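There are 2 protein chains.
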Amino acid sequence: MTCATLDSRFHTSLFFKCENFQKVGAFKSRGAVNAVYSIDELESQKGVATHSSGNHAQALARAALLRNIPAYIVMPENAPKVKVEAVKGYGGKITFCKPTLQSREDTIKVVMAETGAMEVHPYDNYTIIAGQATAAKEMLEDTGELDLILCPVGGGGLLAGTALSAHYFGKNTMVIACEPLGADDACRSFKAGKIIPSVDPKTIADGLLTSLGKRNFPIIQKHVKDIVTVSEEAIIEAMRLVYERMKLVIEPSSAVVLAAIIESKVQVEGKRVGLILSGGNVDLKNLPF
Amino acid sequence: MTCATLDSRFHTSLFFKCENFQKVGAFKSRGAVNAVYSIDELESQKGVATHSSGNHAQALARAALLRNIPAYIVMPENAPKVKVEAVKGYGGKITFCKPTLQSREDTIKVVMAETGAMEVHPYDNYTIIAGQATAAKEMLEDTGELDLILCPVGGGGLLAGTALSAHYFGKNTMVIACEPLGADDACRSFKAGKIIPSVDPKTIADGLLTSLGKRNFPIIQKHVKDIVTVSEEAIIEAMRLVYERMKLVIEPSSAVVLAAIIESKVQVEGKRVGLILSGGNVDLKNLPF
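Top to bottom, those sequences are chains A and B.
The first sequence lines up with residues 1058 to 1346 when you count with the numbering used here.
The second sequence lines up with residues 1058 to 1346 when you count with the numbering used here.
It should be emphasised that the hints constitute simulated quantities derived from the structure, not laboratory data.
Treat the hints loosely; a few may be bogus.
[As the list claims (entries may be wrong)] Each pair of labels, with its calculated beta carbon distance range:
| id | chain 1 | residue 1 | chain 2 | residue 2 | range |
| --- | --- | --- | --- | --- | --- |
| 1 | A | 1279 | B | 1290 | 50 to 56 Å |
| 2 | A | 1125 | B | 1138 | 53 to 59 Å |
| 3 | A | 1254 | B | 1341 | 34 to 40 Å |
All of these numbers come straight from a predicted model, not from anything done at the bench.
Where a beta carbon is used, it is the ideal one built from N, C-alpha and C, also for glycine.
Next up, chain A with everything else stripped away, as it sits in the complex (with noise of 0.2 Å):
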């Protein structure tokens, strides 16, 4: 999609790549997808499992149904009714457990040891990484050239997926990351040199609050020429251009690529560049402006 208002706004030419279209609304799709495929036959029959409340069980749960193989899902016992019975409706196995990182992870070893399921980390996985580089990748091919591509950061899988698409298939294309400035940690991972987890983080971006994996960092240090941070405001001001101008829903996470050029984060005069929007489930009820 495009925005002639936007372009003559900020003297660009702006390229968004729309996975609040994708399947279960967000861009987990394409790594769940290419993860759940890329077991071989033997040991997929024994099914995938993760724990999330996210978008990524959705998508973890769609692809097995996909396959055919058995997905199970360990949630939260307070997680969203809405997301519990999207899982369920894709077939997923759900299992609930307290709402705390260790009884998240106390429970899907359980759920493994007796299933045999292979599990499928929400990005800190090869095969969710090239799954996600395909959104660059398809970027890249509709609308030709970039001169820079935006992503949004949170564990980095749809960012390392970017670089290693703007690498491989792009011409010059340089890959900036945005980040909420209250969730920074990839930004000051990168600066360091080493991975910073996320401490406490306050932002709208909801999908953007998880540490750096292990797998994504190296390839971001390798394939990202840098990191930005933006404002909640600029955050929600982008969401409403968005919403007001491109009549798209997106969800809080989507927006930083935009509010990064409405803060001056990253020059964008005179080039043509690509954003990735990466989802659209958000509450409508409680949209921030």
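Add chain B to chain A, keeping to what the hints say.
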């Protein structure tokens, strides 16, 4: 756009024509551009005029700007500031009037007398109807054969155009119009065989409040199969589904077509059905869900 969830729920194949993505956020751009470019060169220099507080005013101002001729827009003095600014943004010359139909009509007569501008009515105008017809024409070109097209009806510009396109470019493509029960003048007119004016309409679908135009009605009588009415609850439910499942921002008037399917007012099972989403200009601070 298509939506697997909706297709599965209603056992049908739905094709959505997204006029919310159209310039100025609504199908009105089509008619306005066609009307402005249909005026001969000499006549066009005097400009075009309309009295409107809605999307047509913006669309006409934009079309006039494209042709580099003046657009004189009569707007009620209580028109929302955002709409006034939008018209100004396209270079429209605004004359304010009292917020009554009488004052609008008196004022535009003065403006036309002073300028020699040609009035372009928002729907009761053949070049407008022909312009709006291009939405259904494009949909037929994009989707192949359709059994049915569902279209909102207000003044009848979009509906008359859609019916003409279905007749001339479709293959036995039936057109059914959808209207809020609280503004059912078109339905009653259709059944009575004469135009019954809209009196005190009450609906959230604020683009569908107007009465049918004189030029529109005979086309609708001849080429529209039926006009069905939908409840406010169904309009809101349809709107929510489109936001949640399709990630599209639409205005309530757009939602009447899906509302008719939700309320089983039209038989769509096993059919290929086109739905025209007429626009996306909505007050995001006052979403009804």
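These are the hints, each one checked on the structure:
1. A/1279 - B/1290: 50 to 56 Å: holds (55 Å)
2. A/1125 - B/1138: 53 to 59 Å: holds (56 Å)
3. A/1254 - B/1341: 34 to 40 Å: Distance hint for residue 1254 of chain A, residue 1341 of chain B holds at roughly 36 Å.
Taken one by one, the earlier hints all hold for this structure without exception.
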